[in-house]
Amino acid sequence: MRRRNMLTAMTAALALSAIQGTTALADNPVLKIGFVGVTSGPAAAWGISNQRSMETRAEWINETGGYTIGDVTYDIEIVSFDDQKDPKRAIAGMEKMAQEGIHYVVGPNVDDGAAAVRPVAEATGIIYFPYAFPKPLYTAPASNAVLGMVANYQSGPAIYRYLMEERGVKTVAFIAANESDPLSQRDSGREAAEALGLEVVSANVTYQVDTTDFTPVLTPVIRTNPDLLVLSGVTPANAPQLLRSARELGFQGIISTETAQDAQVLREGAGDLANGFISVGGASTPEIASDMMNEFVARYTDMFGEYNDESNTKVYALEYILATLAANPAAIDDVEAFKQTIDTFEAPNPYMKGDAVMRYVGVSSFGQRRQIAVPLVVNVYQDGEFETLFVAEVD
Amino acid sequence: MEQVMANGVYLGSQYAMIALGLTLIFALMNVLNFAHGQMYVIGGFVTYTFYGQFGLPFVLALLMSCVTLAILGALIEKFLFGPVIRRSSREESTMLLAAGLAFLLDAMILLVFGEKQRGVPKIVDGVLNWDFRIIMPYDRILICFLAMVSIAAFIAFMQFSKTGRALRALAQDRDAAQLMGVNVNRYSMIGFALGAMLAGLVGGLLVTITGVNLGMGGPTSIKAFMMVMIGGAGVISGAILGGFILGMLEAVGLAVLSQYGDITYLVIFVALMIFLAIRPQGLMGKPWG
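Protein chains in written order, with the working numbering: chain A, 53 to 447; chain B, 149 to 437.
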């Protein structure tokens, strides 16, 4: 009898908590924001850091009462779709977003996926924020894609120029995975390096994306003895192994990349051999991180067990979407209104110290504002942590 | 050239170990284990957890990888492959099961170990530099040596132990082995556990060199299948030979063809297709299976 009572009480408690949960969610209308990106396979870290950044921020917003757009306060729901880095899946993901009535989507993470979803996004009225660099996505007549980060053709020249002026770099070698993103990044990097007057001593060597041992791959590159070795479009999974192999082969020069990396991954995978590695980051280095950024990192860590430094950049897309909608509430289901707001939008950047602002940029690169103004923070890895080398802005 | 040969021997030794477990399972149960790469990845993560995270001695962490994968392999055989093989004579049933298992293990790895690349401290510091003709870190030399010792120990186990003889009998003729008193179900489970354990062992060894991440499983399985096809499916010595041939082809290709871009595996795949058209059973396999 006592056991039956206990079961009844437990059932009642569960039912009550379920009702309470439903009530809590039902307090505010829900605004769905989509994510279509890679969350499985070798590049999973890219998409997962996107998805988790969005989920962390959404939960934070919901916990503190929701996000007010016009006269309505919304709870934010993130709808995610793993495209497995496959353009066909990315299209399916974007179609799913359209079926759910979602107008704002973060992703995809790679060039071919971002290009593949363009017709779907344009036909179904979706503004999407890819982490992919092909200029036609952001140049008129295209108008639905907004670049979610700094492109390598924007960060690369800044890094090369800095290294030429500050470290006397004269020769450069490029190595890239045999995939569309890294190869296009290598080509544009090479173009930028040559335009700056650097001598390119090697740019033909590529590797399979699933390579685990880079010693044989790097041997011919290291023999060219460049001052600077650029790991074009390198994934966080491959970067430590490349660094380790290059240093073990005796390479003494500078190594850099234009992609975001994670300090813990570098520490575990390459240890001290990663010291001096230059990469592009976001805004969580102590010099520039605001209290809100620090709280975001703490919440992310609480939610998922550990932080991913790539999220320094990826925290921004959702913030831009919501802040732009708040600036023009009519855009909530009208992407044309969103596009009009892009040109004039400006709001304080909550993740950086000082008076940094969020605004849309990209006029120089794309002829129109189709890029979010993420700070171009160039980091150098040193003894387990990133240090800010320099900060720049993109227009 | 010396560097290319050294790279080839090193790659070959690790590839041979990866292929061994796969071919053992195929020989015993006629199962194409598409989840072999995922087992390798779990082995790497277990060593990472015990050696990299908990700070236990590397050898103990390696042992934990072997034990974990042996138990996992035994459970998979007992509750998944064993029942399916007994109930269905269609080969595609086990193939589908193996493919589904690969996805399941991938999802579990993501949940338990996360999406990030993981690595552990080097087990030996320093680099051998022989007059710039051969440059090879000491940890790679050690891992190469340990892989060769493991292969030799496995061959000796299969050749001279009672269990090894029973497994070989099972691989040669399942019905005849049963008639001779071999407990087929028990030894199938032991064989699968042994195959999974080999995947765990090589995963644990290589995490010190290559690190480990969620996405390594699928490509590892593909390479393992290539080695097995070169050497001959279900033949232990064939898997070892296939591993060394693939390692050497990769090292030579990367050195000779690098100036033309990443065409090494394109050339290897084309060569493999031509080879299989001429000798579909592989170098050491028999045409009748």
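Don't take each hint at face value.
[Unchecked claim] Covered by chain B, per the in silico footprint, the following chain A stretches (three or more residues, Cβ under 8 Å):
1. 211–217
2. 312–321
3. 353–360
4. 415–423
[Claimed, not checked] Once the Cα atoms are required to be at most 25 Å apart in a straight line, the calculated SDA-like pairs of lysine to any residue come out as:
5. A:Lys222 to B:Leu244
6. B:Lys270 to A:Met344
7. A:Lys140 to B:Met328
8. A:Lys140 to B:Lys270
9. A:Lys391 to A:Lys405
10. A:Lys148 to B:Ala255
These aren't lab readings, by the way, just hints derived from the structure by calculation. What you are looking at is a predicted structure, and each value in this text was computed from that prediction instead of being measured. The beta carbon of each residue, even a glycine, is placed where N, CA and C say it ideally should be.
Status of the hints after comparison with the structure:
1. 211–217: That given contact is violated, which follows from only 0 residues of the stretch 211–217 of chain A lying within Cβ reach (below 8 Å) of chain B.
2. 312–321: Our answer is that it holds, as 5 residues pass the Cβ test (under 8 Å) against chain B, meeting three.
3. 353–360: Holds, because 4 residues of the stretch 353–360 of chain A bring their Cβ atoms closer than 8 Å to Cβ atoms of chain B.
4. 415–423: violated (count 0)
5. A:Lys222 to B:Leu244: 55 Å, violated
6. B:Lys270 to A:Met344: 37 Å, violated
7. A:Lys140 to B:Met328: Violated, at roughly 54 Å.
8. A:Lys140 to B:Lys270: 41 Å, violated
9. A:Lys391 to A:Lys405: 28 Å, violated
10. A:Lys148 to B:Ala255: 22 Å, holds
Hint violations for this structure: numbers 1, 4, 5, 6, 7, 8, 9, all remaining hints satisfied.
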